[in-house]
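> Quick note on numbering: our numbering labels position 544 of the sequence shown as 544, and the sequence is numbered without any gaps.
Be aware that a few hints might be false.
[Unchecked claim] Now the in silico label distances, taken between C-beta atoms and shown as ranges: (1) R51 <-> P18: 23 to 29 Å; (2) D184 <-> V240: 20 to 26 Å; (3) A289 <-> R51: 34 to 40 Å; (4) A289 <-> P208: 19 to 25 Å; (5) D508 <-> A203: 24 to 30 Å; (6) A252 <-> A431: 45 to 51 Å; (7) V240 <-> A170: 30 to 36 Å; (8) L87 <-> P208: 31 to 37 Å; (9) D508 <-> R549: 16 to 22 Å; (10) R211 <-> G478: 47 to 53 Å.
[What the hints assert, rightly or not] Under the rule of at most 25 Å between Cα atoms (straight-line distance), these lysine to any residue pairs were calculated in the SDA-like manner: (11) K293 <-> A214; (12) K299 <-> N351; (13) K299 <-> V240; (14) K299 <-> T383; (15) K299 <-> A280.
Honestly, the hints are just simulated from the structure, not real lab data. Predicted model only: the values in this text are computed from it and were never measured. Yeah, the Cβ is synthetic: ideal placement off N, Cα and C, and Gly gets one too.
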Amino acid sequence: MTAPATIFSARRIVTMDPGRPTATAVAVAGDRITAVGSVEALRGAGVVDDRFADAVLLPGLIDQHLHPVLGATTLMTDVIATEDWELPGRRCPAADTEREYRARLADAERALDDPGAWLISWGYHRLWHGSLDRTVLDGISRTRPIAVWQRSCHEWFLNSAAVDVLGITADGMSGHGPASDMVDVEAGHWWESGMNLLLPRLAPHFMPPDRVAAGLRQMVAYLRANGVTAFNEPGIMWDVEPWQLYLDVLGAADTPLLSTFLVDARSQADAGMDPADAVADAERQVARASTGKVRLLPKQVKLFADGAIISQLMQMRDPYLDDAGQPDPCHHGEWMMQPEVFRSFAAAYWNTNWQLHVHVNGDAALDLVLDTVEECMARHPRTDHRTVIVHFANSTEEQVDRIARVGAIVSANPYYPVGFADRYAAHGLGAARADAMVRSASVLRRGIPLSFHSDLPMGPAAPLTLAWCAVNRRTPSGRVAGPEQRISVHDALRAVTVEAAYSWRMEDDLGSISVGKLATFTVLGEDPYAVNPERLNEIPVLGTVYEGRWFPNGG
């Protein structure tokens, strides 16, 4: 016999369903929602469960884009970053100055008992922590291997001991095309595509299986504490990502998360694959892992345009500025896929009706992306292609118009202006460009679907905090960066629920509390529509209901 439905009552249920925006009860049978309404109207449909009677239910919160292998590895290192990180069981305070950063790094080195153990730290940024190179790290230790992972995860710095242990030479790093131009062995510095020449040697030291497994468990606890019920890794790299560990940890019965992945076109390009062969290879990848709680999404692919915003390696139309506010001829962006390679892979996937998710940070790179979509549309017209502009750091109003015209959608990182506008106004971008980062209000004014992501560890994987960033845009100095780009609480919550699901073509299962969808909810101790918007990130997350099962925080 079919078990009777459970009717969860709540102080308020925010459904994100325009047909019934709010309710006070939801009926669940198995893993699906069978009815939404009031307790009185649903009482005859099953057994009433009042455990959430004083709580507020939202559709399960979604982090549209994060990197589990990066979250698992960076946050297990000695974290010395530009902001505080509150992690399960420990707090990693920010380092605000060069002196503080170097002192913390030296303290971390002295704390290691084994003289041969690697010191690996994540979170360094020049604008906070001063210049870094092999010589500076040799000053920390000339005998212990040291590897510093830049805050963006797009750069590494090594000391001489690490270079020697890995057997790296300048000759060995040369002759590899554009990647070799992004390596400076003498300085102990690798960035963007140059990292592809370093990581095969370095990976065994910073991501051994036991460390990654512990990091994944920490990440699951962190996501649960923040009410996340689903995330996407946009671009799996099979050579370095621990798929079996993902199945064991993320796929465990007591992990209340849906973990989805996309094919990574950059890996195909870096391996020298012909674009004509890429789609067939991608189909084989999806077939390898197409079902279950940990799976690849069908016919969705990740491409990369320019470099990381946090490294200030995005491709910009106008020059970067030096510290005096003058054009800096020595500072320029990088391409993660060279433009001709990007265009050819985008066309190959477009012509076979795959959905493109494109990493892009600079306005010059956004020109490349939009030009490419227009060219593809002219040659092979498509409806509902949902090309996702990912990160969306720097743009112009004219480019937002173009995004609307070509039918693309946006998944932005609203942490950028909060975390970086103050420093970028003074270094690199100038105030006007820094404050205009992530034009959320402009996107919504054009009717463009807008979702948010953390890009963990680029920002906190805490959807309520991401919503708070978009609503307030308040920087550490206390000012508001680009007040005209602030959005409403409702629009910000849509960006971490229904719009995020839409960006993955999963709106039939996730994103709203509607009949027939999965019974996945985030349970809050306060109403996000009733609190002061400045407190949106302080609302307690009591737990989650994942496909009908209750997972309390702390339980």
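> Next, verify each hint and record whether it holds.
Outcome of the hint check:
1. The hint said 23 to 29 Å for the Cβ distance between R51 and P18, and at roughly 28 Å that hint holds.
2. Remark: the range hint 20 to 26 Å for D184 to V240 is upheld by a beta-carbon distance near 23 Å.
3. Take A289 and R51: their Cβ atoms lie about 35 Å apart, and the range 34 to 40 Å holds.
4. Between A289 and P208 the CB atoms are about 23 Å apart, so this pair conforms to the stated range of 19 to 25 Å.
5. The supplied range of 24 to 30 Å is broken by D508 and A203, whose beta-carbon atoms lie about 38 Å from each other.
6. Evaluation of the 45 to 51 Å hint for A252 and A431 yields a pass: the beta carbon distance comes to about 47 Å.
7. Restraint check, V240 to A170: a C-beta distance of roughly 24 Å breaks the suggested window 30 to 36 Å.
8. Remark: the range hint 31 to 37 Å for L87 to P208 is contradicted by a beta-carbon distance near 20 Å.
9. For D508 and R549, the hinted distance range of 16 to 22 Å is satisfied, since their beta carbons lie about 21 Å from each other.
10. Here the CB-CB span from R211 to G478 is close to 38 Å, at odds with the stated 47 to 53 Å.
11. Taken as a hint, the K293 and A214 pair is honoured in the structure, with Cα atoms around 20 Å apart against an allowance of 25 Å.
12. Distance hint between K299 and N351 is fulfilled; the C-alpha atoms sit about 12 Å from each other, no more than 25 Å.
13. About 22 Å separates the Cα atoms of K299 and V240, which keeps this hinted pair within 25 Å; it holds.
14. For the proposed pair K299 and T383, the alpha carbon gap of about 15 Å is at most 25 Å, so the pair holds.
15. In summary, the hint linking K299 to A280 is supported, as the alpha carbons are separated by about 11 Å, within the 25 Å threshold.
Checked against the numbered hints listed earlier, the structure breaks hints 5, 7, 8 and 10; every other hint is satisfied.
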